[in-house]
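K.L.:
Make a model of the complete structure from these sequences and hints.
Sequence order for the protein chains is G and F. Our numbering applies: residue 229 is where the first sequence begins, and numbers increase by one. Our numbering applies: residue 7 is where the second sequence begins, and numbers increase by one.
The set of hints was computed from the structure by calculation and includes no laboratory data. One or more of the hints may lead you astray.
[Said to hold, decoys possible] Covered stretches of chain F, as calculated for chain G (at least 3 residues, CB under 8 Å):
no.: 1; region: 54-61
no.: 2; region: 220-231
no.: 3; region: 301-307
Ideal placement from N, C-alpha and C gives every residue a C-beta, glycine not left out.
One letter stands for each residue in the lines below.
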Amino acid sequence: MTETTAEARSGTERALTVGIGAGGLATADMVLNIGPQHPATHGVLRLRIVVDGERIVTAEPIIGYMHRGAEKLFEVRDYRQIIVLANRHDWLSAFSNELGVVLGVEQMLGMEVPTRAVWARTLLAELNRVLNHLMFLGSYPLELGAITPIFHAFREREELQAVMEEISGGRMHYMFNRVGGLKEDLPAGWLTRVETTIADVRKRIPDLERLIVGNEILEARTRQVGVLPREKVLAFGVSGPIARASGLDLDLRRDAPYLAYAELFCEGGPGRVVTRSAGDCLSRLEVLLEQVHVSLDLAQACVERLRGLPQGPINVKLPKVVKVPEGQIYCATENPLGLNGYYLVSRGDKTPWRLKLRSASFNNVSVLAEMLPGQLISDMVAILGSMFFVVGDIDK
Amino acid sequence: MTGLSLPFDLTLTIDPWLEVVLRAVAVLAAFLVLPLLVGQTEHKVMAHMQGRLGPMYAGGFHGWAQLVADGVKFVQKEDVTPARADRWVFRLAPAVALVPYLVALAVIPLSPTVVGADVDASALFVLAVIGVGIIGTLMAGWASANKYSLLGAMRAGAQLVSYELPMVLAVASVALAAGTLSLIGITAAWNPWWLLWQLPGGFVFLVSALAELQRPPFDMPVADSEIVFGAFTEYTGLRFAFFLLAEYAGIVVMSLLFAVLYLGGPAGWHADGLGWLWTLLKGFAVAVVVIWLRVSWPRMREDQLQRLAWVWLVPIALAQLALTAIVVVMTQ
Numbered sequence: 229m230t231e232t233t234a235e236a237r238s239g240t241e242r243a244l245t246v247g248i249g250a251g252g253l254a255t256a257d258m259v260l261n262i263g264p265q266h267p268a269t270h271g272v273l274r275l276r277i278v279v280d281g282e283r284i285v286t287a288e289p290i291i292g293y294m295h296r297g298a299e300k301l302f303e304v305r306d307y308r309q310i311i312v313l314a315n316r317h318d319w320l321s322a323f324s325n326e327l328g329v330v331l332g333v334e335q336m337l338g339m340e341v342p343t344r345a346v347w348a349r350t351l352l353a354e355l356n357r358v359l360n361h362l363m364f365l366g367s368y369p370l371e372l373g374a375i376t377p378i379f380h381a382f383r384e385r386e387e388l389q390a391v392m393e394e395i396s397g398g399r400m401h402y403m404f405n406r407v408g409g410l411k412e413d414l415p416a417g418w419l420t421r422v423e424t425t426i427a428d429v430r431k432r433i434p435d436l437e438r439l440i441v442g443n444e445i446l447e448a449r450t451r452q453v454g455v456l457p458r459e460k461v462l463a464f465g466v467s468g469p470i471a472r473a474s475g476l477d478l479d480l481r482r483d484a485p486y487l488a489y490a491e492l493f494c495e496g497g498p499g500r501v502v503t504r505s506a507g508d509c510l511s512r513l514e515v516l517l518e519q520v521h522v523s524l525d526l527a528q529a530c531v532e533r534l535r536g537l538p539q540g541p542i543n544v545k546l547p548k549v550v551k552v553p554e555g556q557i558y559c560a561t562e563n564p565l566g567l568n569g570y571y572l573v574s575r576g577d578k579t580p581w582r583l584k585l586r587s588a589s590f591n592n593v594s595v596l597a598e599m600l601p602g603q604l605i606s607d608m609v610a611i612l613g614s615m616f617f618v619v620g621d622i623d624k
Numbered sequence: 007m008t009g010l011s012l013p014f015d016l017t018l019t020i021d022p023w024l025e026v027v028l029r030a031v032a033v034l035a036a037f038l039v040l041p042l043l044v045g046q047t048e049h050k051v052m053a054h055m056q057g058r059l060g061p062m063y064a065g066g067f068h069g070w071a072q073l074v075a076d077g078v079k080f081v082q083k084e085d086v087t088p089a090r091a092d093r094w095v096f097r098l099a100p101a102v103a104l105v106p107y108l109v110a111l112a113v114i115p116l117s118p119t120v121v122g123a124d125v126d127a128s129a130l131f132v133l134a135v136i137g138v139g140i141i142g143t144l145m146a147g148w149a150s151a152n153k154y155s156l157l158g159a160m161r162a163g164a165q166l167v168s169y170e171l172p173m174v175l176a177v178a179s180v181a182l183a184a185g186t187l188s189l190i191g192i193t194a195a196w197n198p199w200w201l202l203w204q205l206p207g208g209f210v211f212l213v214s215a216l217a218e219l220q221r222p223p224f225d226m227p228v229a230d231s232e233i234v235f236g237a238f239t240e241y242t243g244l245r246f247a248f249f250l251l252a253e254y255a256g257i258v259v260m261s262l263l264f265a266v267l268y269l270g271g272p273a274g275w276h277a278d279g280l281g282w283l284w285t286l287l288k289g290f291a292v293a294v295v296v297i298w299l300r301v302s303w304p305r306m307r308e309d310q311l312q313r314l315a316w317v318w319l320v321p322i323a324l325a326q327l328a329l330t331a332i333v334v335v336m337t338q
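P.N.:
Below you can see the structure in the form of structure tokens.
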């Protein structure tokens, strides 16, 4: 009978007994690398977990496999070029990413953006939010083993992408924002097509909903699983739908309105902030699902508003070289996945001296180390999927 | 399985040894064709349920030859055995997973005359043989020298605890009702009332069969999004294809078994001549249900299946057994 001692871990020693008999069944913890190549990590997130059987003892997210040095690159690009880079970190929210940059620069320049552009930007931002959420509404059930919802989600995404493509030419990286407005005016008849698409998506969303929230197994896999308490949300800077599912009633669209959100989220407006209190995987999913409805309402309101606006410019004529006056600004937007902020420091050059990016997924994923210990591997996948992250948004 | 529309009586006209060979070949042919049929059905049914077309090119007409093409692809692939794998166990595992279903298929009667081998107590035999298949998964998981594979094998083992007992109890009830352990005898004793009488048992059998097949919602041992195909992670080429074939052969066996035990097998219009077709059709319908469940449900957790088994399946199966016993005693 040999007896060895496993390495001391977090202050407690565990005996590793080889052979059955006096010491009982041989048992040892196993280090399991989830990723960087793993179907549940949406790319190259890596979780180094220590498991006792299927029970997770410790979990450590290891990031950086997709680090592209975005912040450093910002410093050697002018403000037009930065938009190309800035819409890439969260590739599911490209339009919203662009927004933060141009809004910050416009504020520093003291630029007045045409009303048409403001409402068109709001419309596109909300359509982008729906696109983003639909992706997760498809991929999350897939991680739980339901293979059908993703096809429903992608059908809706396809229709929405068609209108986004029509206006911007892009299906993912739209590059449609410019400092001072949008690249081009809305194509003739485009608003009608947006309206039809919104109506179609709204009509068919219940099909997707029934596959997800009405399902007993899905509920059993997500209810009371991966509960994220409100204190942890605050401690880790978790934001967006995940924070709201834990009862944090924060939404920059209402609380620090930008674009046309002040009007949309005012008393009697279509805007409302979706929250849940349970903080489990199911509430996160429900928040996402309900936000789709809210965003469709907002988009519809934008369409109606845009219809009523007189023809006019959609952007401000810019000088050949845009130089931002010396100073600094922090511009945060409510991106689909949470708070997305740019801290812009300018020394009066045509490039920023520093442009710090605060991305939603980074904070949202860092809380995993607190959530995963004690869970089963199956639940780990359920929790990981419900944190709705994009790896580019973590690694930047 | 022989005699598939053979117009003459084999036993009278053919040398017994030749007959054995012919029967074996016929069973093998069915074993190679029926799973592909189910697989192709899955491709198309699943696709249409999801608003897709599924395979459309291979073979021309609606991609009928897709699985043949897949097979050709698998044959061409490199057969990799991981350096640290337990070589012989690793290589043998696919066969261990596959062969039991071949043996089981040989004794499942399509009709009283169309059967590969008429064995006494064939219901017992089928259950015993099917139970061996899981050893292939355990071997694969252990021998792969891969942590995900090991987890998959452990899950398969944990799953075994949940489905074996309810399945045996459910079959015991049917055997009790028919008064025989012979599958042919069971189909002979079946009458339409059984649909109602044995309904709870049928439900238990179907759920247990899904768990045995490791099909959604009970596909935790393979769970691609969790443990990356579990025990099959390290397999490539033909050996991986054998595991896939074992899964679909399993669907065929379980569906036919369900048809024979609960749906009366050959009972139907012109049962004397067309009985085998009825069994096939009923089995095929059950297979479509198995496919349907995959399309509509997420995956359970291993402990949730165990809870389902012990809180629902075992008590229902026991209650069914008691009910069957009471009815049998009262009516005889």
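K.L.:
Hint by hint, say whether it matches the structure.
P.N.:
Verification of the supplied hints:
With a threshold of 8 Å between beta carbons, the proposed coverage of the region 54-61 of chain F by chain G holds, since 4 of its residues qualify and at least three are required. With a cut-off of 8 Å between beta carbons, the region 220-231 of chain F has 7 residues touching chain G; three or more are needed, and the interface restraint holds. Under a criterion of three residues with beta carbons nearer than 8 Å to beta carbons of chain G, the stated coverage of the region 301-307 of chain F is upheld, 7 such residues being counted.
The structure meets every hint from the earlier list without exception.
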